Structures are given as structure tokens and as C-alpha cells.
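Number of protein chains: 2
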Amino acid sequence: MTRELRIGVVGATGAVGREILKILEQREFPATTVKALASSRSAGQELPFKGGHLVVEELDENSFNDLDLALFSAGGSTSEKFAPIAARSGCVVVDNSSAWRMDPEVPLVVPEVNPDDLSRHRGIIANPNCSTIQMVVVLKPLHDAGKIKRVVVSTYQAVSGTGQKAIKELESQVRQMFNMQEPEPEVYPHRIAFNCLPHIDVFLDNDYTKEEMKMVLETQKIMGDETIRLTATTVRVPVFYGHSESVNVETEKKITSAEARVILSQAPGVQVLDNPREKIYPMPIHAAGEDLTFVGRIREDESIPNGLNLWIVADNLRKGAALNAVQIAEVLLDRDLIRVDDAL
Amino acid sequence: MTRELRIGVVGATGAVGREILKILEQREFPATTVKALASSRSAGQELPFKGGHLVVEELDENSFNDLDLALFSAGGSTSEKFAPIAARSGCVVVDNSSAWRMDPEVPLVVPEVNPDDLSRHRGIIANPNCSTIQMVVVLKPLHDAGKIKRVVVSTYQAVSGTGQKAIKELESQVRQMFNMQEPEPEVYPHRIAFNCLPHIDVFLDNDYTKEEMKMVLETQKIMGDETIRLTATTVRVPVFYGHSESVNVETEKKITSAEARVILSQAPGVQVLDNPREKIYPMPIHAAGEDLTFVGRIREDESIPNGLNLWIVADNLRKGAALNAVQIAEVLLDRDLIRVDDAL
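Going down the list, the sequences are from chains A and B. Just so we're on the same page, the numbering used here is the position in the first sequence counted from 1, plus 1216. Just so we're on the same page, the numbering used here is the position in the second sequence counted from 1, plus 1216.
Incorrect hints may have been included.
Same chains, same names: a pair is fine if it fits in one copy or spans any two.
Here are the computed lysine to aspartate or glutamate pairs in the DMTMM-like style, where the Cα-Cα straight-line distance is at most 25 angstroms [as the list claims (entries may be wrong)]:
id: 1; residue 1: K1266; residue 2: D1360
id: 2; residue 1: K1266; residue 2: D1550
id: 3; residue 1: K1426; residue 2: E1518
id: 4; residue 1: K1495; residue 2: E1468
id: 5; residue 1: K1470; residue 2: E1442
id: 6; residue 1: K1381; residue 2: E1494
It is worth saying that the hints were derived from the structure and are not from the lab. Values in this document were obtained by computation on a predicted structure and should not be read as measured data.
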């Protein structure tokens, strides 16, 4: 008896979609069929997969009829429209947009942190925001050890978080400047080359950006603890791949930096890179292409009794998006949370 | 009766030295003589000044005999050796290195914050660290209004803070990468192009960098208040000019974001750029070449009762170094704190 597992990747031609295909292949995800789906604009395009290629099909209402699982990474409006259609047809959705994350019916999951939340899924599971994922895999073991009271985070986010167009924009702006031309910003409101933009996603009524509020609200939901207070400043920097975060943590119970190093070196999905004397600390250029979340610059914050400073870096397209989605799918399979028909 | 004022710029060929010459010219600093001094390696070089040029002279023990004021920007060891020689010969020193900053006999001054400390100078005055200067011009008026208890700061610092060599390194690394070559880092321990380095200056025994501890100790000294607690994470980013800072402030007395905007819009040397809906906020590409310190993204921090988040950007070579030194010199002149001989 073999089991069929037919999966779809929605938004397969985007920066995250391509990474999902790569990861399915690398991790030998046990799909019997993989379908690449995208808008009509990209239909017919070929994407490399397992030595051959997939021909991109146009996404429509019937795309999910013969699928068991769909990994969505095609923006909020596509998810809002098509995730419920997929779920109704029995296809479980892991959605990478922000559309469903704060829906109380929808689990928001980082497998290292709250895998058990998956058991209550009703067809749609949300993949958290990139900057939140890499932070919570590090915060969770510290929270378990000392109960986190407050977090102050400032981010240094790569352009790939915005998508393919932004990767091209950074590259072409740099080229133009080196040819003595003043580049015109298109994807971002201002030039990103050799600049820092304290502006990610839209501004909300409280003058925070949506990205900043995602970090606050998603962290509380994933950690299952609304008493954790958090404030964020999110900043785009001229880096292609890899988000960095300067994270200040205040705990109820004292955690020394030596204790934090031990706790974090045992944490799933985390690697401690913290040897300042040897100039070893996490950096985006080393995190790019890696599956782990890296933490270093671990220091006791001497401005409060129970404080720690941390520097956290991960590949925003992998752990921050594609990898986490595939890991969710792996747990779903492992725990029999996808309705898979047994084939003869 | 005219007054002679003979000044020297030590380290005139460096990134900050060149900026000092530019600023002396722009601000019509009333020097009757300007002497460009540097190491033997740079002696004989010509530097543009007031339509003509200055020929760089070699720095030695006798360089200060005919000078009233010297602006030093030539690194710690040069300052340690030559600043006392200058002071003994009656030449007042404004020193941009970290050599004298924490000496209790030496005033550490940001003219908008603690100009009165200049009156107790004994020949040497220290110019603070670049990242400290731009932060304290913004913190001072908030401290006066609500008494600052604690600051958590993360920086985004430009390569020009390291000097000319680092500016060239970022440029050449980017060019090499666009030509498919892997650049070899020389000035920094790792590649800076399209990367973030959580490492500025040397590491100390407590695992903080010297840059991070400068921000803590210099802030307390300049603000004249050792009860202000502060913790810092300092990061180099691939930006040429302009340091940015994400600053979280906790005050004794509540300051609303509206009040903070009013207070800061009246603060000397500060410009509020804070209209998120119009995508207006401070950025390094706009701060470069400017004299003011820009602050925006002013938000109440909802994780504590009396908290504010701020985004502060300034030109690190100007307000962060050369301009602040010249402004100190202007106050010294204005308050008759330089011994200037009246000429016939």
C-alpha cells in the first residue's frame, strides 16, 4: 500500500515560491505530485525541479480539486480568495501571507515553538512573518527558562523579503550609481542602495508600521502568552539575503549570558555563533542559504537587573518563509493531520 | 586692533580632517592662519581650501609653537602623544579621538548639550564619539522634560566612520561582486558589501564592543547624569555616509509622542522629520552633507507606561565629528576660552 500526497505551490515563480521548490527537493519531501501554480501572467513558465522542470499552471477555483496540501506564497489577496476554496475542497493550506495569521481559528505556527497548535487546524495554517519566526525560535527557550517580560527589537531586513523585484531594484540602483546615474526608486519609496529605510509594510494609525505590529502580535500568539510585552522598529537595509535583529530581552528570572549560551545551544533550530574574540558572530552573508537561526553577541544588559542583548540572523526566505512552511507540512504529515487517501 | 587666530588641523588628509577644512570654510571660521598637519607620509600633499590650497606639513613637537587652537583627528596614539605637547605650548586642543574622553580633567562636549563644561578646560577638550553625539542632542531636551531612566539603542553605522580606507573598501567590494569576484576583506574582519557587521571597534572583557561602551559612558558624562542607564548594540551597515539609530527611551515622567514632537522641534541642532503618511522620516542619504541631527518615527512605546521610540540620523563626519569639533571651537572663541594674543 502506498500513499499518494499531491501538493501545490501557489506563487511558485516568486522569491519564496522558488525557495519552497528548492527545499521540497532538498528535504526529499514525500510528495507524489508537485504542481506549480501562479497567476496567468506566469503560466507556462518552466521552473527547475528534481533535475527536470515543472510547467507553471494558472491558479483557478479548480486548482485544488486533486491536491492534498497547498503551500501559498502569493500575497494577501490571493490567499484571502483561494485559501478557503482550497480548504473547502479538502486541501490543507499553509499560507505565507499575513491574511490569516491573526484569525483566532487559524493556528500560527513555528514548528520549534508551538507545533501542538497544528492539531486544531481547520484547513488553513498560517506561516508567521519572517522577522517574527527567527526571533521566536530564540526567545522560546529563554521564555521557558526565565519568563520573558519585555522585548525591544530593531531589525535589519534584507530586500529579498520584499520579493524578486526588490532584489533587482537594489542591484540596478547600485549599478546606476556606479555609472554616475541617480537611480529612480520604484519598489521602495526611496533609494535603498547605500541607505536605510525605517519603513517596512504600511503605516498604521498608531504610527507603527504593519511589520512592527506583526512582530508584537504574532509573537504573543505563537508563544501563547499575551503578557509578553514587545516593541519593534523595523528597518530595510541594503542586504540581499538574511534578516538581522538586535533584540533586548527582559526576563522575570535572571538568566546569565553563560546560561543563555547553554540554553540556546540546546534549542532546536538554533545555532549559537558567539566568540567575539575570534570575530565570530552571526551575519547575513553567512546565514544566507542556511536552515538554522543564528544567535550571537549574547551579553547581559547591565542597565536592568534581568536583561540580555542578542543578535539574531537567519535566511529570511528559508527559515523566515519557505523552510518554515515546509516544516509545518512535515509536522502535519508526521502527525496525520492531512487527510491523505490511501491508494490501492 | 585685529586679533590673530592661528589654527591647525591635525590629521588633515583623513576623512574627518578634510571635512573639518570644508566646515571651517563654509562657516567662515575667523582663523587668520590655517595649517594642515599630518604624518610624514602625507606631508607635501595639497588640500583644497578657500579657492586655493594648503600644503600639508609634517606633524612634530614644534608644530604647535605658533598655534592658538588645534583640531585633532588623527587617531588615539597621535592624540595621546601630541595633545599634551600642544596644550603645554598654549595651544588649545579639540580632540576627536577617544584618548581623552573619559579623563575626568577633560571636558567632553556637545555644544547643544553641555557648553558650560568648556569653562573648566585645561588645554584639552574631547569631541565625543559620532554615534553618541547625534543621540545626545536628541536625548537632552527629552531628559530635561521627563528625566530619562533608561535607553536601549541599536545603531546602523556608515563605513565613513572608519575612515577613507573603509569607504574605498565598500566601493571596491561591491564592484568586485558585480564582476563575479569574491572580495577579500581588508579594513573589516568580514565583507561589508551587502552585509551587516555587529562589531565596531574592539571587543572588551564584558563582550560589549568599545563602541557600545562609549555610547553608555560618554552619554552619562555629557548629560552630567550617571543615573541614566543605557545599553547599546552597534552595527556597521553598507552605507557610505550617515549613521542611523533606533533609540528606545524610558522616562520618569510621561512624554506623549505629540509632546516629544513639540519638544524636539524646538531643540537646537535638531530637525523633526516625522510624517509617515507622506513617507517622510530621516534617512542616511538625506542626512549626508547636512549639519542637523534628524529625528522621526516618534512613537509611544506601548510595552511600558513611559516609553518612546525614536529614529535618529545624522552625518557622522559632520555633526558626528568635524562639525561638532568646529562648533566647540566657536564656543571657545565666543566665551573667550582660548588665549589669543591681541596683535597690533
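Check: Any of the earlier hints contradicted here, and which numbers?
Finding: 1, 4
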